[in-house]
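Residue numbers (numbering that gives the first Met the number 0), protein chains in the order written: chain A, 0 to 336; chain B, 0 to 336; chain C, 0 to 336; chain D, 0 to 336.
A couple of the hints might just be wrong.
Claimed, not checked - Calculated lysine-lysine pairs in the PhoX-like style (CA-CA distance at most 20 Å, straight line):
id	chain 1	residue 1	chain 2	residue 2
1	A	Lys324	C	Lys326
2	D	Lys303	C	Lys46
3	B	Lys46	A	Lys303
4	A	Lys326	C	Lys324
5	A	Lys111	A	Lys147
Since the hints were derived computationally from the structure, they do not count as laboratory data.
Listed below, chain by chain, are the residues.
Protein chains: 4
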Amino acid sequence: MIILMKKNATQEHVDRVVAVLKEHGLGANVSPGTQTTVVGILGDKAKLGGLDIRLMDGVEDCVPIMHSYKLASRDMCPEGRKVEVGGEVFGGKKLMVIGGPCAVENEESIMKSALGVKAAGATMLRGGAYKPRTSPYSFQGMEVEGLKLLRKAGDATGLKVVSEIVAQDQLEDAAKYVDMIQIGARNMQNFRLLKEVGKSGIPVILKRGIANTIEEWLDAAEYIMSEGNYNVVLCERGIRTFETATRNTLDVGAVPVVKERSSLPIIIDPSHAAGKAQYVPALAFAGIAAGADGLIVEVHYNAKAAISDAAQQLSLEAFADLLQKVKQMAPVFGRDV
Amino acid sequence: MIILMKKNATQEHVDRVVAVLKEHGLGANVSPGTQTTVVGILGDKAKLGGLDIRLMDGVEDCVPIMHSYKLASRDMCPEGRKVEVGGEVFGGKKLMVIGGPCAVENEESIMKSALGVKAAGATMLRGGAYKPRTSPYSFQGMEVEGLKLLRKAGDATGLKVVSEIVAQDQLEDAAKYVDMIQIGARNMQNFRLLKEVGKSGIPVILKRGIANTIEEWLDAAEYIMSEGNYNVVLCERGIRTFETATRNTLDVGAVPVVKERSSLPIIIDPSHAAGKAQYVPALAFAGIAAGADGLIVEVHYNAKAAISDAAQQLSLEAFADLLQKVKQMAPVFGRDV
Amino acid sequence: MIILMKKNATQEHVDRVVAVLKEHGLGANVSPGTQTTVVGILGDKAKLGGLDIRLMDGVEDCVPIMHSYKLASRDMCPEGRKVEVGGEVFGGKKLMVIGGPCAVENEESIMKSALGVKAAGATMLRGGAYKPRTSPYSFQGMEVEGLKLLRKAGDATGLKVVSEIVAQDQLEDAAKYVDMIQIGARNMQNFRLLKEVGKSGIPVILKRGIANTIEEWLDAAEYIMSEGNYNVVLCERGIRTFETATRNTLDVGAVPVVKERSSLPIIIDPSHAAGKAQYVPALAFAGIAAGADGLIVEVHYNAKAAISDAAQQLSLEAFADLLQKVKQMAPVFGRDV
Amino acid sequence: MIILMKKNATQEHVDRVVAVLKEHGLGANVSPGTQTTVVGILGDKAKLGGLDIRLMDGVEDCVPIMHSYKLASRDMCPEGRKVEVGGEVFGGKKLMVIGGPCAVENEESIMKSALGVKAAGATMLRGGAYKPRTSPYSFQGMEVEGLKLLRKAGDATGLKVVSEIVAQDQLEDAAKYVDMIQIGARNMQNFRLLKEVGKSGIPVILKRGIANTIEEWLDAAEYIMSEGNYNVVLCERGIRTFETATRNTLDVGAVPVVKERSSLPIIIDPSHAAGKAQYVPALAFAGIAAGADGLIVEVHYNAKAAISDAAQQLSLEAFADLLQKVKQMAPVFGRDV
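Chain A on its own, in the form it takes in the complex (with noise of 0.2 Å):
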């Protein structure tokens, strides 16, 4: 951390400065500027506990120098992390492709649509039991007979299964049922189930806060980290903007800057960014170029009757289509599918 003092900071300023820093063991490092006194910290910053310099007399602001996320940096893991669900493996050479319903609503729909999506050649199959709503009076998901479908549907069609838990008391069941778990996007900084779902060790996709900075992404992703769960995948889903042509903005920028800063995998949601069938497969090539590791997509075997974001999901044939590009582009980006 560096210490920029103010224009107008006297030596006095200065020496204080200087001496709360030798207090709780760490250096100083002064360099006297034309206009401003910056002073260099020389050691670990957490030596300072609770102690914020920028309220000392004569200091201006405090700039971080470091990230405060350790495990899920790049540094930690140069050659980059692989997350390994049931023989598939996030983070390789091959893209990952999961697509299925927004949400489970009967046995007969999720078959059809996993048979489907099966077909099509992706890699896993999607499903929501529990489904966050905006509203209490909107469809709230079937729960746990949701997941018992799901995985049905998965082992009729030999699909690893994922799906999103909103609550920790849901994790007990998912462990049950599903091979990989979900966090929402409204979740992605609720950090009693970060912690919850580090100390249970399945893999987990994290998706991005609409309104969360990168930096605050990969700090959740250290909260599941740090209770030893390394399996975790991003996914970039979109952030809130003043656009409202497409339900989210897709912040592809994403791709490149998560792959210098951190070793995870990401995956991009081409559904929930675009909010219109229409719009997601341009959203999922631009992912794919962009360098993402996979899409997660919504796929109904009857996309326009669907009872929850009936708007964004593809029908059978989109998605095979949108598969078939894919495998066309993996190659010039060095992947397969």
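With the hints as your guide, set chains B, C and D onto chain A.
Just chains B, C and D now, with coordinates in the frame of chain A:
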């Protein structure tokens, strides 16, 4: 809800939409415009179930014309709701001013802060026991021991106390030790937690999420109210924008909008919006001037040494000055303190 | 336009609205709903002049159902418009790739950059002569001397040239020396400049403002087109959001939205969105994958020594690599380079 | 400026940076930290010219520690600047209240509005003659005829007048007919216009761009001041965020930030921020409470029939009520009206 047909929609498209509405027990009122045809739905659109009319051929878009919240709406209680906490009332003539440290750190600290807050004329005492922190390596709060100390400080000073919970299993302890709980910005859409708080009946401050619209905020209040708990006080604490000079951007316009659309009391948290102590008074005064029912302000008896959020906590002197000026302002707006 | 009446609107309110519409030569189609009455306007709402129906008693809101742009809309030219610049065509099968330095700095520099850009396979050359800079103390560009050098470099390499203007009195010089002009993000709503460019008939790249919606952008294009100049190419260059890891957030979803709503060609500027050279290729590929008609990329023969925007300019080698990969991607999307 | 070296930077990298600084006549202060080395630059970094240190091998980032504006800074004029317009002073004890219609529509209208505004106790009269409109098909203003009518209304009532210009060739006419000009949000970074206004010496209200940071705004003021015109009054009018309940989000926190960083007076435009007349008073009071030096409010003698922005214009009665309350508030904040 209103259905807008596409410019090139045919009579068959319109007829099909009307037929589908009828199949679901709804009436239709067709308005053939010069450029586009509009179909108004007669009846309760909930009868449509999961059917998304937007996906029908010839349909351009659907425009909702009603809010999704009911209990939280102004219509349901035009005179405004009042929330009582141990004899003090949010939503009445008296402005409620809550003061206290970001976190309960130890007995001496919370006691000194409580005494100072009381002396300045505050109505209630705040203090965090469960701290949601961006990084897992930051101080996470004293948990239940913090609640006990807060209760002790409240009893010693006669101040009612409020503290944040971040998970449902903290609710039982909170019910024992505090008079009011707070749901923080990060948990505004933690719907499970909202429902549990709804069942508990405990008065609650519901902070707005940093990227949530006013409509989503009122939907979150509806989650609590739909479980039977009408003791909800809204708290505007700044939203995330591109501006970084302040920690967040206080959306002071939310005050008149909430007053128009909802019957719930609304208070302002100038501390988290400002992020720096020197901007806190200006934001506090702005909130009161805009019509808020009160303030929740971070105050620490020894602000510069606070363990968390030190930069934004007011000293006892600064807090007393702030309250002094609020007292002078109040009569202009028909309020007292 | 549709008029939504308030829930408590009386029959008199509705009758008065209908009467006012009739006074202005418009028909009305009244849909009495269970919760609110809706009045559809029959006829051209321009007949209302400045009358704002929203202000009438009993009216809740008015919902526009048409875009305000006409010439820029997809409806007016469903097959898509093509913009020709000296034999090269934006909006056809061929992807247009424009490369060149942020600013023209001197003859040697622009000539070396032009030769490298040409060798890499670019279609056009860019170079700034009038630089809009945030601070008055930054380098402001070589102005007309810069345009002359750009022309010289274009003639030497056979590349058509494009350069930004920031004021209407620069239009005459620009017309002499460049083949296409650029309106930058800061001037997207400089309506006088847009009109003058419209009158000039010169092909123009219209960049999206950093805080402007797609609808406002198309309205800005309409300003140019309504003066008779249909040679408008849109350019998405990133919008301003809360994320600071990249200079701006590339709104890659704008590509399919523009393709749906407008007939105009659209290209991507990955350089200003990224702000750092290492992120530029990922954003460029994402733009092409999303369906853009081309790219405009900052390239400098000696990138590290560039006078302005050094951090985001590609070296000639990096630009050649980028173009190589774009060539490989193009056939997957039915394009060539 | 401070240079942060990469974690893996070698001694050679550091030595090279120091050598380059010396070549440019600058000193260097090297602070070898435990995790990263920091190099402070001694001397005026302008000596670096266009050299971007960030591009040197081993360099992670450069952190600016000074604002780029000088004349607009608080440091240059700690007591605050005053801007006089025909005897009235912005930045003194007296709150300045400017009222008037969005647009000058005809003589009767502006005259009636002026009389009402005067009667209510306003200090100055506003009225738009050159209107920047999103769509080319909207009313564009009466231009110079509007300026003449505004002058006439000002003379008749004894009110000084202010009006917006949107292009430099309007400056000559404006100089003839108005006492103060306004640069609107869309032109905040129209640097050519800013410079011309700077040369003119005419007092100017500089509105903040809807997506511009406070730093960029002060840089824009610097453009005007660097040409010798110090008569700049800043105006906060709301920024663009994801919230749509109000037209823009009034950044009331900008008031204390500007007061800290800059010596320029700042006023609030509650009308454009609110977008609806019923929210205007709350935002006006909030602005004054936050410490603003005045208000600019849209008022129309027959608000419901106004040609443009009808929804947000106050009636004369509502404006008089607003002013009445501002008068009551003023003494609390050491001001008068």
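In rising order, the numbers of the hints this structure does not comply with: When the structure is compared with the hints, none of them turns out to be violated.
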